[in-house]
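> These protein sequences, in sequence, are chains A and B. When the first sequence is numbered by the working numbering, its final residue is 140 and no position is left out of the sequence of numbers. When the second sequence is numbered by the working numbering, its final residue is 183 and no position is left out of the sequence of numbers.
Since the hints were made in silico from the structure, they are not lab data. Backbone N, C-alpha and C define an ideal beta-carbon position, used for all residues, glycine too. Keep in mind that the hints are not guaranteed to be accurate.
[Claimed, not checked] A few chain B residues that don't get close to chain A, going by computed Cβ distances all over 12 Å:
id : residue
1  : E7
2  : E17
3  : L51
4  : N60
5  : T73
6  : R77
7  : L87
8  : E102
9  : A106
10 : P132
11 : G161
12 : K164
[Stated by the list, open to error] Pairs of lysine-lysine residues, derived as DSS-like cross-links and limited to a Cα-Cα distance of at most 30 Å, are as follows:
id : chain 1 : residue 1 : chain 2 : residue 2
13 : B       : K27       : A       : K43
14 : A       : K29       : B       : K172
15 : B       : K28       : A       : K15
16 : B       : K27       : B       : K57
17 : B       : K148      : B       : K30
18 : B       : K172      : B       : K148
19 : B       : K173      : B       : K134
20 : A       : K43       : B       : K148
21 : B       : K122      : A       : K15
22 : B       : K57       : B       : K173
23 : B       : K172      : B       : K142
24 : B       : K122      : A       : K29
25 : B       : K89       : A       : K29
26 : A       : K43       : B       : K122
27 : B       : K134      : B       : K172
28 : B       : K148      : B       : K173
29 : B       : K173      : A       : K29
30 : B       : K148      : A       : K15
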Amino acid sequence: MIEKENISKQESQFKVPDRYFEEFDQRLKNRINPAEERPTVSKLTMIKPWIGLAAAFLILTMIYNLIPNHILNSSLNKSSNLYESEEVEVWTDESFGIHELIDYLTIKNIATESVDIYPDSVLFSDLTHEDYIFLSHTEY
Amino acid sequence: MHPTDQEILVLIQMPAEREAGFDLLVKKYKQRLYWHLRKMVVVHEDADDLLQNTFIKVWNNLSTFRGDASIYTWLYRIATNEALNFLNKRRDELLNAFEDMEIIMASQLDQDPLFSGDEIQKRLQKSILTLPDKQRLVFNMKYFDNMKYEEMSEILNTSVGALKASYFHAVKKIRALIENELF
């Protein structure tokens, strides 16, 4: 017969490490709530910097596209002003012969620098080889 | 002086006070649950693991506890299932190694520095280890914890009659082992 009074309670036969029960609560808490849980970050917060970067890039692209065109247009205008000159229509058909051309140039008093005379001009049609040499060494 | 189960239940059911209620629950029942587990698994480290796992499960399911069973019964049921699952898993591991778990646990008892019982007590423990797990539970809960059969019936989900029969056979077997000095 198992005599209960002769056999100690099971608990007294088994021992536990020192302060086991006193420290159990804290160990359990450490397992349930690990230290310093990271706060959850919303997806929007995560992509905000990228949105900002994309917006900055878009603005820079727009500026790059717009401003140079504006500047370029204005500088083109200036250069066109620089080069603006009175257009001179020169007819080179047979009705506008050399004498008419000379008259035109002298009466109109157009600076010779503003007139482009090409080698095939009617002005040179009667010139000899010696005339060319003479003209090339003459200063006007 | 511990608060009553009813007082703890009231705290648990308030989300703002749930943690405080849980702390009181741990303080009140940790020792009883520990010894319940220790008797089943023998080794202190295993009992410690199971006790923590039990309370973690309790914490995770506090919000769903409806109070239809007493807190005590609920805790014991979780702890008991933890112990049985642990033993089944250990047994499965040993099956592959062709080792007998009862022999291993008896050997652990011999080598355990945290067992301070005399030779008779050791023989009793080793005899208890020969019982099937559920029968061992019944024996421990009745003999050492002096639990009522109605309480055990709720925890183990077994009829009172079956529990009485199980305990009767457990006592008979242990007596035979000790009297025949098989341990």
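> Each hint needs a verdict: does it hold in this structure or not?
Do the hints match the structure? See the list:
The Cβ of E7/B sits about 18 Å from the closest Cβ of chain A, beyond the 12 Å cut-off, so the non-interface label holds. For E17/B, the non-interface assignment is confirmed: its Cβ lies about 16 Å from the closest Cβ of chain A, beyond the 12 Å cut-off. With a least CB separation of 8 Å from chain A, L51/B falls inside the 12 Å interface cut-off, contrary to its annotation. Distance to chain A contradicts N60/B as a non-interface residue, since its nearest Cβ pair spans about 9 Å, not more than 12 Å.
T73/B, annotated as away from the interface, keeps every beta carbon of chain A farther than 12 Å; the closest lies near 21 Å. The non-interface label for R77/B is consistent with chain A: the shortest C-beta to C-beta separation is roughly 19 Å, beyond 12 Å. Distance check for L87/B against chain A: the nearest CB is about 17 Å away, which clears 12 Å, and the non-interface claim stands. At the 12 Å boundary, the C-beta of E102/B stays outside the reach of chain A, the nearest C-beta of that chain being 17 Å off.
The Cβ of A106/B lies farther than 12 Å from every Cβ of chain A, with a closest approach of about 14 Å, so its non-interface assignment holds. The non-interface label for P132/B is consistent with chain A: the shortest C-beta to C-beta separation is roughly 19 Å, beyond 12 Å. No Cβ of chain A comes within 12 Å of the Cβ of G161/B; the nearest lies about 23 Å off, and the non-interface call holds. No Cβ of chain A approaches the Cβ of K164/B within 12 Å, the least distance being about 17 Å, so the stated non-interface status holds.
Pair hint K27/B plus K43/A does not hold up; C-alpha atoms about 41 Å apart against a cutoff of 30 Å. With a C-alpha separation of about 43 Å, the suggested pairing of K29/A with K172/B is violated against the 30 Å cut-off. Our distance criterion of 30 Å between C-alpha atoms is met by K28/B and K15/A, whose separation comes to about 20 Å. With a C-alpha separation of about 16 Å, the suggested pairing of K27/B with K57/B holds against the 30 Å cut-off.
For the given pair, K148/B sits about 20 Å from K30/B by alpha-carbon distance, which is consistent with the 30 Å threshold. About 20 Å separates the Cα atoms of K172/B and K148/B, which keeps this hinted pair within 30 Å; it holds. The hinted pair formed by K173/B and K134/B meets the criterion: a straight-line CA distance of about 14 Å does not exceed 30 Å. Between K43/A and K148/B the alpha-carbon distance is near 55 Å, which puts this suggested pair outside the 30 Å criterion.
With a CA separation close to 14 Å, the supplied pair K122/B and K15/A stays within the 30 Å bound. Between the alpha carbons of K57/B and K173/B the distance comes to roughly 35 Å, so the proposed pair goes past 30 Å and is violated. Between K172/B and K142/B the alpha-carbon distance is near 14 Å, which keeps this suggested pair within the 30 Å criterion. Straight-line distance between C-alpha atoms of K122/B and K29/A comes to about 35 Å, which puts the hinted pair past the 30 Å bound.
Among the hinted pairs, K89/B with K29/A is consistent with the structure: their alpha-carbon atoms are about 27 Å apart, no more than 30 Å. Pair hint K43/A plus K122/B does not hold up; C-alpha atoms about 61 Å apart against a cutoff of 30 Å. Proposed proximity of K134/B and K172/B is supported: the alpha carbons are some 16 Å apart, at most 30 Å. For the given pair, K148/B sits about 21 Å from K173/B by alpha-carbon distance, which is consistent with the 30 Å threshold.
Taken as a hint, the K173/B and K29/A pair is broken in the structure, with Cα atoms around 42 Å apart against an allowance of 30 Å. Simply put, K148/B and K15/A have alpha-carbon atoms about 26 Å apart, close enough for the 30 Å limit, and the pair holds.
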